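Chemist: Put the two chains together into one complex; each comes in its own frame, and the hints tell you how they fit.
Protein sequence lines correspond, in order, to chains A and B.
Residue numbers for the first sequence, in the numbering used here: 31 to 145.
Residue numbers for the second sequence, in the numbering used here: 184 to 298.
Please note that a few of the clues may not be correct.
[What the hints assert, rightly or not] One-sided excerpt, in silico: chain B residues whose CB lies under 10 Å from chain A: (1) P191; (2) Q220; (3) Q224; (4) L226; (5) R227; (6) Y231; (7) A264; (8) A275; (9) T279; (10) Y285; (11) E286; (12) Q287; (13) Y288; (14) G290; (15) G292; (16) R294.
Please keep in mind that the hints were generated in silico from the structure rather than gathered at the bench.
What you are looking at is a predicted structure, and each value in this text was computed from that prediction instead of being measured.
C-beta atoms are modelled at their ideal positions from N, C-alpha and C, and glycine is treated no differently.
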Amino acid sequence: AQKVTQAQTEISVVEKEDVTLDCVYETRDTTYYLFWYKQPPSGELVFLIRRNSFDEQNEISGRYSWNFQKSTSSFNFTITASQVVDSAVYFCALSEASGTYKYIFGTGTRLKVLA
Amino acid sequence: DGGITQSPKYLFRKEGQNVTLSCEQNLNHDAMYWYRQDPGQGLRLIYYSQIVNDFQKGDIAEGYSVSREKKESFPLTVTSAQKNPTAFYLCASSPTGGVLSYEQYFGPGTRLTVT
Chain A
31 AQKVTQAQTE ISVVEKEDVT LDCVYETRDT TYYLFWYKQP PSGELVFLIR RNSFDEQNEI
91 SGRYSWNFQK STSSFNFTIT ASQVVDSAVY FCALSEASGT YKYIFGTGTR LKVLA
Chain B
184 DGGITQSPKY LFRKEGQNVT LSCEQNLNHD AMYWYRQDPG QGLRLIYYSQ IVNDFQKGDI
244 AEGYSVSREK KESFPLTVTS AQKNPTAFYL CASSPTGGVL SYEQYFGPGT RLTVT
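In isolation and in its complexed conformation, chain B is listed as follows (with noise of 0.2 Å):
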């Protein structure tokens, strides 16, 4: 089944702690993206990649980075100078070239509690 796999489901970190959250897809898509979820907002984006090797911050990349060493792994590590980590992470990912390269497909999110 292809699909995009977000590992684990919740994670816990103390502050301070650097974390680093898996996003895996086997979708054959070149394009892959983190969104962060906060309550009763909608998705803000945080990075993307639309091939490897290569990525660019979106709205709010303050405090994340990002590695895009193989098509199907676009992990996301939240540093100690984010401000305000404990949301809902959303990983995505899409085809480039042509109309369906606008469609992207979710991974089922990591949900990060920072104490």
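Bound conformation, chain A alone (with noise of 0.2 Å):
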């Protein structure tokens, strides 16, 4: 069965401390897709990557990087000197390469950024 864990459930760091978000997924698949997004106040959920089950490489984007290892089934989301507007829930997802294009997602990891 797929799950995705984020045994994270709150974060607060101060201003310019980096901060790493942890997942970790269960899936029978070979083929799976994996998807962090950003919850702001305003709720609308915001796409920040993809990243695909044969694509080991990490990734960097500005302050954010990801630490994806399938030894651990993890994909981990760090935030580099972070920021007041950082501040928001963020959730890891699982979708299968099934065709249904269905999202499991981890019950969300809320990051408070204190200025």
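Modeler: Here you go:
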């Protein structure tokens, strides 16, 4: 069965600290996609990244970076030099390449960046 | 500007009344989805549709109904049979076919309160 676990319910950091949000997933498929979304207080989910199961390269986008490790079924997200605007709920999601395009979401991690 | 609109942002209803939530997209996406979000929980899939005039139940379809008469529109009706309708409802869409079909784009959400 598919499952996404975000064990960190809430994290608080002081501005300019680095922070890593953990995501562990379970799937029996060999082909799947992993995602991170940001949900600011306004409520809309903002797409951050998609990673497919065949691409284990880490990715960096500005202050954001992602570490995908199939050996540990993890897809962790790091924010470097955090800013108050990074305060949001962050969701990790999994989609198996079965053609239904359905997502399984983790329960989210609320990040509070304090000035 | 392409995007997904959901209206209204806030909706209040009395218990026992059906209520319909609107979702419109101009991204020319074939697939559309409805999710429910409760505090401290991830998003749970209610219904999804990959093509006009066709839709499938998600994980928590009981007490909800949908229609897909047009590609752009995927309204969700919360019926009086839904035992706990108060929640935040998010609509999403995605293309179908190819790797981009696994990227879902979300609307701003509707917060429904039933008393």
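Chemist: Now tell me if each hint is right for this structure.
Modeler: Hints and how they fare:
no. : hint : result
1   : P191 : 13 Å, violated
2   : Q220 : 8 Å, holds
3   : Q224 : 6 Å, holds
4   : L226 : 5 Å, holds
5   : R227 : 8 Å, holds
6   : Y231 : 7 Å, holds
7   : A264 : 24 Å, violated
8   : A275 : 8 Å, holds
9   : T279 : 7 Å, holds
10  : Y285 : 4 Å, holds
11  : E286 : 6 Å, holds
12  : Q287 : 6 Å, holds
13  : Y288 : 7 Å, holds
14  : G290 : 7 Å, holds
15  : G292 : 4 Å, holds
16  : R294 : 7 Å, holds
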